[in-house]
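Produce the complete structure using the sequences and hints provided.
Okay, here's what each chain looks like letter by letter:
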Amino acid sequence: MKDMDDQIPRTLPIQSATFTNPINAEIRRAAATGIYDIRGGGAKRRVPHFDDLLFLGASVSRYPLEGYRERCDTSVTLGTRFAKKPIQLDIPVTIAGMSFGALSGPAKEALGRGASEAGTSTTTGDGGMTPEERGHSTKLVYQYLPSRYGMNPNDLRKADAIEIVIGQGAKPGGGGMLLGQKISDRVAEMRTLPKGIDQRSACRHPDWTGPDDLEIKILELREITDWQVPIYVKVGATRPYYDTALAVKAGADVVVMDGMQGGTAATQDVFIEHVGLPTLSCIRPAVQALQDLGVHREVQLIISGGIRTGADVAKAMALGADAVAIGTAALVALGDNDPKWETEYQQMGTTTGAYDDWHEGKDPAGITTQDPDLAARLNPVDAGRRLRNYLKVMTLEAQTIARACGHNHLHNLEPEDLCALTMEAAAMARVPLAGTTWYPGKEGF
Amino acid sequence: MQTYDLEANGLRGLNSALQAQSAATNQTSWEVVNPKGSHAIAVGLDAPIEVTVKGSTGYYCGGMNQQATVMVEGSVGPGVAENMMSGQVVVNGDASQYAGATGHGGLLVIKGNASSRCGISMKGINIVVHGNIGHMSAFMAQAGNLVVCGDAGDALGDSLYEARLFVRGSVKSLGADCIEKDMRPEHLEILKDLLDRAGCDAKPEEFKRYGSARQLYNFDVDNAAAY
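Residue numbers (this note's numbering), protein chains in the order written: chain A, 1 to 445; chain B, 1 to 227.
No false leads were mixed into what you were given.
In silico DSS-like links for lysine-lysine, alpha-carbon gap of 27 angstroms or less:
no.: 1; chain 1: B; residue 1: K36; chain 2: B; residue 2: K111
no.: 2; chain 1: B; residue 1: K172; chain 2: B; residue 2: K192
no.: 3; chain 1: B; residue 1: K111; chain 2: B; residue 2: K54
no.: 4; chain 1: A; residue 1: K195; chain 2: B; residue 2: K181
no.: 5; chain 1: A; residue 1: K249; chain 2: B; residue 2: K36
no.: 6; chain 1: A; residue 1: K85; chain 2: A; residue 2: K158
Honestly, the hints are just simulated from the structure, not real lab data.
Shown next as structure tokens:
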């Protein structure tokens with residue numbers, strides 16, 4: 001009998017598609033600790049993204065530009081609506097807001113160096129403006145955040161633009177928390193709080209609520225800065241059509257729309273993965289709002305959240321954006337999640353590419369830390385050069401695509417240049433499914 | 001005395017003129033007539049000048065003030081003296097929401113009542129309210145002193161950091177992590193100085209002091225119900 005049993009085919013172990021190993025591990029972790037998981041970065045789940053779009057390129061009905069001879073311009077001007085001094089950038093890829101506190105001093109300096117060398121802007125974050133950051137950034141956008149940590153009129157007037165932050169793609173509707181282990185003496189002083197305590201960043205502004213108030217707040221900021229600099233309004237992607245329209249109504253010069261793949265310094269994983277819209281899905285509604293109000297290109301649109309390559313830049317611009325912003329990708333260019341730190345990642349129970357406990361301040365790359373020994377690992381000159389190189393490669397890639405589509409400026413890219421590989425991407429980007437003339441929701445079929 | 005008719009000449013002209021004053025100016029005294037509830041009056045000033053507003057204002061009067069003294073002979077809308085760095089803002093009437101929000105320094109005096117969220121997220125400013133204050137005042141207040149000669153509404157000092165709160169009247173309720181604390185001699189000195197500067201004849205001994213219990217300074221899951 002035993003021999004016969006051995007010959008009976010066995011049912012293979014089947015892993016649940018619902019209770020996967022990562023889900024079960026998280027259940028066990030929650031059961032052991034009683035607290036949700038906090039991490040940095042943006043959504044890691046697979047969502048429709050720019051990879052689901054393709055450019056069509058030139059054909060019989062379109063002729064291309066010569067790749068190494070015919071000019072393809074990349075400049076962009078931001079803030080042409082009301083500001084006396086709009087920002088002129090050489091490339092349409094900007095650096096998103098990241099705070100000194102979340103990032104080390106050398107990391108902020110490197111961002112300024114790299115962005116300046118590439119001819120673009122960088123952005124402050126919660127905690128205010130540092131002299132090093134201002135000194136190394138030829139174009140610096142000053143974030144005006146709910147916490148108002150470090151906010152003062154002198155720095156406001158030193159800025160080349162002001163970005164009123166209403167939300168982030170990683171956590172629309174949420175505030176933030178800089179944990180005590182990252183609160184050095186300097187960070188504590190800048191934020192007027194004791195060293196070592198968790199510093200809560202509020203989820204909404206303390207002195208205004210709603211779009212009517214926002215209009216008055218923008219008026220105040222313009223009066224304080226003599227209407228000199230552009231005022232951006234940044235929102236996490238949730239209701240892109242209405243948020244864009246309301247920002248325009250409130251008087252914004254520039255709307256920044258941040259999708260759920262956009263990173264954060266520290267937020268609950270459940271928030272990052274389950275709140276907000278994919279970047280791809282928010283561009284067309286935002287552009288539609290600008291077009292309906294007759295201000296597309298007069299009010300510029302910056303898209304952020306998961307921008308990695310020149311192809312992503314070109315696709316965002318083809319869908320109607322004026323520029324993009326990068327955060328996570330910029331940190332990777334500086335050296336974040338570099339394989340050379342694999343041994344230390346493994347000691348922390350993670351691995352290259354997956355390290356996201358930025359809030360703990362133990363970053364072996366010296367970027368998301370306030371530990372002076374770790375921070376000293378990052379050479380800001382070398383890291384700045386890497387960022388510059390990366391920005392230039394992204395620009396070259398976008399130009400390559402634009403020329404192939406026959407455009408002499410990145411802004412001339414258009415939805416007609418694109419098709420989609422999936423139904424979802426076709427619906428979100430409102431471009432035809434590859435090989436068809438149809439996308440979900442298109443009328444006339 | 002420089003007199004500026006806001007209705008006739010517009011907001012930009014006023015703020016531009018006031019912001020152009022330096023420490024050496026001899027145009028130290030300004031009067032703004034016909035404010036008629038306009039927003040952002042006398043914002044971003046940075047000189048030791050005196051500005052008297054002859055009437056009531058809208059939002060953000062005296063916002064981000066440095067050095068200047070702004071006196072309002074009426075009531076003010078939301079966010080008076082928001083993010084003030086130094087100087088003084090005095091309101092003869094009442095103040096709407098968020099008075100002195102996020103202020104880093106200087107003195108804000110409200111001779112009437114202040115609405116909700118007075119002193120929200122204050123970072124070093126001193127605020128003296130002769131009357132009452134509304135709910136959620138001093139929410140997440142980080143530093144500075146809030147003096148209330150009347151009563152305080154619900155949830156005073158919710159999620160308070162290091163700001164000191166002094167209330168003479170009743171407190172409807174305290175917010176999370178806000179407790180009554182001992183009034184020590186140094187606090188009576190602070191109070192006396194602020195009351196004198198605010199033109200208030202209340203006695204420091206009549207006040208109670210409130211501050212942070214510091215139990216929510218670092219996240220602890222066992223405190224989750226308090227958040």
